[in-house]
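There are 2 protein chains.
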Amino acid sequence: MKVTVLCGGVGGARFVRGAVEVAGADSVVVVGNVGDDVEVLGLHVSPDLDSILYALAGLNDEQRGWGRAGETWEALAVVRELGGESWFALGDRDLGLHLVRTQALRAGEPLSGVTARLASALRVETRLLPATDDRLRTWIETPAGSFPFQEWFVARGHRDEVDGVRFEGADAAAPAPGVLEALAEADLIVLAPSNPFVSIAPILAVPGLREALAARRVPCVAVSPLIGGRAVKGPADRMLARLAGGTSPRHVTRCYEGLVDAIVVDEADAHDLAGLGEVRPIVTRTLMADADARRRLAEVALGAVPA
Amino acid sequence: MKVTVLCGGVGGARFVRGAVEVAGADSVVVVGNVGDDVEVLGLHVSPDLDSILYALAGLNDEQRGWGRAGETWEALAVVRELGGESWFALGDRDLGLHLVRTQALRAGEPLSGVTARLASALRVETRLLPATDDRLRTWIETPAGSFPFQEWFVARGHRDEVDGVRFEGADAAAPAPGVLEALAEADLIVLAPSNPFVSIAPILAVPGLREALAARRVPCVAVSPLIGGRAVKGPADRMLARLAGGTSPRHVTRCYEGLVDAIVVDEADAHDLAGLGEVRPIVTRTLMADADARRRLAEVALGAVPA
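Protein chains in written order, with this note's numbering: chain A, 5 to 311; chain B, 5 to 311.
For each label pair, taking beta carbons as the anchor points, the in silico distance ranges come out as:
| id | chain 1 | residue 1 | chain 2 | residue 2 | range |
| --- | --- | --- | --- | --- | --- |
| 1 | B | ALA272 | A | TRP91 | 49 to 59 Å |
| 2 | A | PRO114 | B | GLY232 | 50 to 60 Å |
| 3 | A | ARG246 | B | GLY87 | 38 to 48 Å |
Derived list of chain B stretches under chain A, where covered just means 3 residues or more per stretch with a C-beta under 8 Å from a C-beta of chain A:
| id | segment |
| --- | --- |
| 4 | 89-97 |
| 5 | 118-127 |
Hints were generated in silico from the structure; no laboratory data involved.
Cβ atoms here follow ideal geometry from the backbone N, Cα and C, with glycine treated the same way.
Only chain A is shown next, with the shape it has when bound in the complex (with noise of 0.2 Å):
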């Protein structure tokens, strides 16, 4: 069976690693959210493609919730003494991917291929591609002005409410190579718990993507990042509500209108399962607190896929 998942950060990439355990690392293809992508002391990080490798990896740090386990933080303690630009985290293991990242890519290597050169170097065999290789940027638009999203996020605390995201340069994107492919080839299309706005969306933002969505001829499945309205992390829920008008199952599902057949919901949402609908729901425990927890959510969603 071939999985594609269409992922963005931290949460995302947690459910990938179940379904690579679930399905094996050859039968899963990711694609990569890039809106968040974000320029710091001069270098190209994308937190959410690193998020995955990481966590493909066995590499993420499971306490902090981001980043490399057993980061350190010499460069950027320095930074700050110099007066440098210290407001992003970056660590030291982090930064030897960021400065391998960004000088690839001012040589004209096209994102996809160093995250492929990236992926290989650290024996993950799952594909993982970025939604477009071109620059896509997501911007908030907030009572207090416009933000890139990482200031927004990072450096503002993601503490202004959001009346509006876009996706600055999704017009000119194109799909990355292999992505068009991964969708058409695949025989379930998950949509990983991820932020709807700010994770999926920007993915959906590439010409094309949102198309191909749309006519599958395959089941889509999303998993909602929500567990009783509550994001376990982040923003999603305050940005659901404000958004999408409420923080309940069909909210998330008619972030994906015509996109996805089911729906995998965490119990504490099972009462309120109203106005989905043609699209399944699927009830199941979220949570992925552990490596069982993560494996069997990807066993449930994987599972949307008739036989």
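Using the hints, position chain B against chain A.
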């Protein structure tokens, strides 16, 4: 007393620290070599300026002889694992500085401006000036071909004999702001115990520098980098033998013909003071084995000025 020191890397940096301890931070201006600057992993590295900066800030690694004390190497290990450019040893703390400097240079700040800011952030009160803000790069001519300095020095371990040295970009370079003033206002000019060919010569290759030194009205004293005809570290002795015909004080002096009034040489070279012409030899112990030794050497060198 105002002292202006022309200086290369590690040995020179130690001497400069001694000079500052003797004369006071306000009394010393250092003009640093930039010929061995190099782009590594997309970062602008100025090894000599950094050696001086680290020495003056008391951050240098006395044991290893280069780089920062307490340095860690996490980023570089990842770069290596990912197949990136790892031939040049960049520690994590060192990287922090390179990231800040590179970002500033890309934003259009001149090297002298960045250097002053870095020094200030590290609470270094001594003025440290790059010889030039323009791109000037040392190339080494060898029987095996022509190499950028760091490729010859680090990547090839300076094993190739040197037939010549040239300074790419020197013709179009201008002295950095303050350099000519520092030479004009000095009561004493010192050529630090650095490699004459690849540390001091690239400074003198900046148009106007050699002329200013030749036209000086104050004493200029060179400190020989050799002890008993041998370099403490590095290829200075081999280069002198091949390019100047020997490793005696007169061969070092010949590198600075018309530019120096005195030369500080080690006791181990006191037997061979012939051929110095009008250059006055000053014999002392020159090995800067510890803080006392570097201070004593600086005292002797700075004593070359008539009170």
